[in-house]
Each structure stands twice: as structure tokens, then as C-alpha cells.
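2 protein chains.
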Amino acid sequence: MVVWDEEGFQGRRHEFTAECPSVLELGFETVRSLKVLSGAWVGFEHAGFQGQQYVLERGEYPAWDAWSGNTAYPAERLTSFRPVACANHRDSRLTIFEQENFLGRKGELSDDYPSLQAMGWDGTEVGSFHVQSGAWVCSQFPGYRGFQYVLESDHHSGDYKHFREWGSHAHTFQVQSVRRIQQ
Amino acid sequence: MVVWDEEGFQGRRHEFTAECPSVLELGFETVRSLKVLSGAWVGFEHAGFQGQQYVLERGEYPAWDAWSGNTAYPAERLTSFRPVACANHRDSRLTIFEQENFLGRKGELSDDYPSLQAMGWDGTEVGSFHVQSGAWVCSQFPGYRGFQYVLESDHHSGDYKHFREWGSHAHTFQVQSVRRIQQ
Chain F
1 MVVWDEEGFQ GRRHEFTAEC PSVLELGFET VRSLKVLSGA WVGFEHAGFQ GQQYVLERGE
61 YPAWDAWSGN TAYPAERLTS FRPVACANHR DSRLTIFEQE NFLGRKGELS DDYPSLQAMG
121 WDGTEVGSFH VQSGAWVCSQ FPGYRGFQYV LESDHHSGDY KHFREWGSHA HTFQVQSVRR
181 IQQ
Chain W
1 MVVWDEEGFQ GRRHEFTAEC PSVLELGFET VRSLKVLSGA WVGFEHAGFQ GQQYVLERGE
61 YPAWDAWSGN TAYPAERLTS FRPVACANHR DSRLTIFEQE NFLGRKGELS DDYPSLQAMG
121 WDGTEVGSFH VQSGAWVCSQ FPGYRGFQYV LESDHHSGDY KHFREWGSHA HTFQVQSVRR
181 IQQ
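So the protein lines, in turn, are chains F and W.
So the first sequence is numbered by UniProt numbering: it starts at 1 and just counts up by one.
So the second sequence is numbered by UniProt numbering: it starts at 1 and just counts up by one.
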């Protein structure tokens, strides 16, 4: 992927092929535009892969509103990046649980769900996740809107037993849409 | 679907089972929270189904940031609504064309694509669309972000031959993600 320190693919430019724990070390104040040329990536608000998460799939992102979730308090900052290891789309599998620690009712997912309620899930929360294979992104609101949380079979052994494990920016169990990340 | 004139499902409440050309006629200044209890809907910025479009699938939307696209200039207004007629997910089919008026290279879609480039589409634009069946939403940026445009087989005979036909808020051919709308 390629990043620029100005909007519209202007200013200083840097190309990554592996993780970048901080663009500050490149002399960037923040990233203001980017293009993903291959693979899938996740960008983070803060250095060291902390803060809000933004899934970045192939394409062009000319300004912060192109990648930021539509949150009430958009973080106009993108500071660290790492690649995401996706499975073949057909082989991605995820289990969602009603309660934390893999308890309560569960659902098995192998497709994209812009609305978990429309697939029959009761309520607006998910208590815990187990990723059998692939990489997934779940979102606070239907239609993949709001805070995003990246879930990977390669991290935490695929186990996310409480919202505290979904990311440093997660403060509730609210999850209303889930999809596979596309390589 | 049910709408409220305050955030967090507070204030005056109104329930729709069919299209609503203007909530102003109900004495609402705007809609500030909503729940979709069944079906899929599209909400519009202005009365008479004009302005920005927001796909609303089953679930809870406690405030405007839950449905607004993550645009640089969010319209904090939601004034008219209509239901969307979806096909069975497996039967949804869409053709995308490189140029306006159904010309140039084309691609056949029957699945969700968070990144058209990742599926092999060249560039960040789509010139025209023909919806064979179902209802689709295409978005300006990858990962279903930015301006949304609803495309339906039941409208315009499924033909959208120029961005002017995608909606009154469309000003470019930029489309980087496309998915089926979920009933």
C-alpha cells in the first residue's frame, strides 16, 4: 500500500509491503490519503496498532472520510498499519456467541451479513467471537457502519472472549453487522 | 420501521409500513433515531425521496452517525423513507459497465464486493449499471463507505445509464464497492 501526508495523493509518499508501527518515524504527522494496491490491510488511529481500526481493501482513499467509520467523533488520524491474512472467501468461518466467554446461544457464519438481525440473530449485541478461519470485520451498526473491529484466526488463536479483546476502542458489546475481509 | 424525533429512541414516535414522502408532515423537524423491524428501507436526506440516500436494514440506529455515510459533509437530516424490494440473496444479479450508456467492458455480479478492484475491476469508476434482479447498494469508497446509491430492478426498469440517474446527490462515476441489500 502507498500513503501520502496530504489529501488527494499529494505531498510526501511512502510505500509499505509489511507492517508499519508508526508513520511518525517517517516524518509524517499523519496519513491523509492512501491507495491499497494489493492484499487487505488494517489501519489504526494511533501508533503501535492502537485506537480505532479501519479495514482497508484494494482501492483508493483520497481523504480521511474515505476510511473513517461514520462515528460521531471521527479521529482524523491514521498512524499505524499492518496486513491482514485473509482466507479464501469460501473458506471463511466465524462463530458468534450471545454472551462473553463463548457462552449462550450461538450462530455459525460463512457469509457477509449487513444485518445480523435479518439473519435471525436476536438483539444488537454479540458477547464473544471465535474465528475458525479467515479474517472478518464486525461493525457497531447495520450496513457496516460505526466502529469497526477486525477479527482474525491468526490473532488471539481466533478467540475474542470479551469486547476488551476486540480492540482498545471497544466499549460495548454492540455489533449489528459482520463480513469477511476481501483480499 | 419506527422513527423518533430525538436521539436514543426518545421523543415523538411514528411507525411506517409503507413509504413516507415527508416526516415534516408529521410535525417532525427531522428523524434523530430509528429502528427497522422488518424488510429493508432507504432513507433520504430531503422530502420527496431526494438528496443523500441511506440504506436501512434490520437493526437499531440510535443517532444520525449510525446511518449517515462517512462523508466529509454529513447531512444531519433524514426526511423521507420508502421500502426496498429485495430479491432472494442468491437470485440477485447486477451488470456493471465501464462507460455510460452500457458501453465498454462489463462485469457480472451476484455477490457482495467490498472492493471492486479486488475482484479484478480496473479503476475506481463505474459508468453505468443494469440490475437484472434484486436491490443493490453501491458506494463511493471501498468497504461500503462514502456516498451510497440504491439500485433496484423495480426502478428505471433496472437501468442506470449515467450517474445522474443514481440519485440527485451523485456528482461523479466513482464507485468502489457494491453489495446486495438484505431483506
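Just so you know, not all the hints are guaranteed correct.
Identical chains share a label here; the pair holds if one copy fits it or two copies do between them.
Derived lysine to aspartate or glutamate pairs resembling EDC-like cross-links, with alpha carbons at most 20 Å apart [said to hold, decoys possible]: (1) Lys35 to Glu152; (2) Lys161 to Glu6; (3) Lys161 to Glu19; (4) Lys161 to Glu15; (5) Lys106 to Glu76; (6) Lys161 to Glu25; (7) Lys161 to Glu108; (8) Lys35 to Glu125; (9) Lys35 to Asp111; (10) Lys161 to Glu7; (11) Lys35 to Asp159; (12) Lys161 to Asp5; (13) Lys35 to Asp122; (14) Lys106 to Glu29.
Calculated from the structure, these hints are not laboratory results.
Predicted, not measured: the structure shown is a model, and the values here were computed from it.
**Item:** Identical-chain pair category, Lys106 with Glu29, by Cα at 20 Å
**Value:** neither (43 Å within a copy, 41 Å between copies)
**Message:** I want to check one pair: Lys161 and Asp5. Are their C-alpha atoms no more than 20 Å apart within a copy, between two copies, both, or neither?
**Reply:** neither (37 Å within a copy, 36 Å between copies)
**Message:** At most 20 Å between alpha carbons: which applies to Lys35 and Glu125, within, between, both or neither?
**Reply:** Only across copies: Lys35 and Glu125 sit 15 Å apart there, 33 Å inside one copy, limit 20 Å.
**Asked** Given a CA cutoff of 20 Å, do Lys35 and Asp122 count as a within-copy pair, a between-copy pair, both, or neither?
**Response** between (38 Å within a copy, 14 Å between copies)
**Asked** Is it within, between, both or neither when you check Lys161 against Glu108 at 20 Å Cα-Cα?
**Response** Cα proximity of Lys161 and Glu108: one copy only (16 Å, versus 39 Å across).
**Prompt:** Should Lys161 paired with Glu25 be assigned to within, between, both, or neither, using CA atoms and 20 Å as the limit?
**Reply:** For Lys161 and Glu25, the Cα distance exceeds 20 Å both inside one copy (34 Å) and across copies (47 Å).
**Message:** As a check of your reading, is Lys106 near Glu76 (CA-CA no more than 20 Å) within one copy, between copies, both or neither?
**Reply:** Neither way: Lys106 and Glu76 sit 36 Å apart in one copy and 36 Å across, limit 20 Å.
**Request:** Measure nothing new, just compare the shortest in-copy and cross-copy C-alpha distances for Lys35 and Asp159 to 20 Å and report within, between, both or neither.
**Result:** neither (31 Å within a copy, 31 Å between copies)
**Asked** When no copy is specified for Lys161 and Glu19, does a C-alpha distance of 20 Å or less occur within a copy, between copies, both, or neither?
**Response** Close neither inside one copy (26 Å) nor across copies (41 Å); limit 20 Å.
**Request:** With 20 Å as the alpha-carbon cut-off, assign the pair Lys161 and Glu7 to within, between, both or neither.
**Result:** neither (38 Å within a copy, 30 Å between copies)
**Prompt:** Can you tell me if Lys35 and Glu152 fall within 20 Å by alpha carbon in one copy, between copies, both or neither?
**Reply:** neither (22 Å within a copy, 30 Å between copies)
**Prompt:** How would you label the pair Lys35, Asp111 (within, between, both, or neither) given a Cα cut-off of 20 Å?
**Reply:** neither (26 Å within a copy, 24 Å between copies)
When each numbered hint is compared with the structure, violations occur for hints 1, 2, 3, 4, 5, 6, 9, 10, 11, 12, 14.
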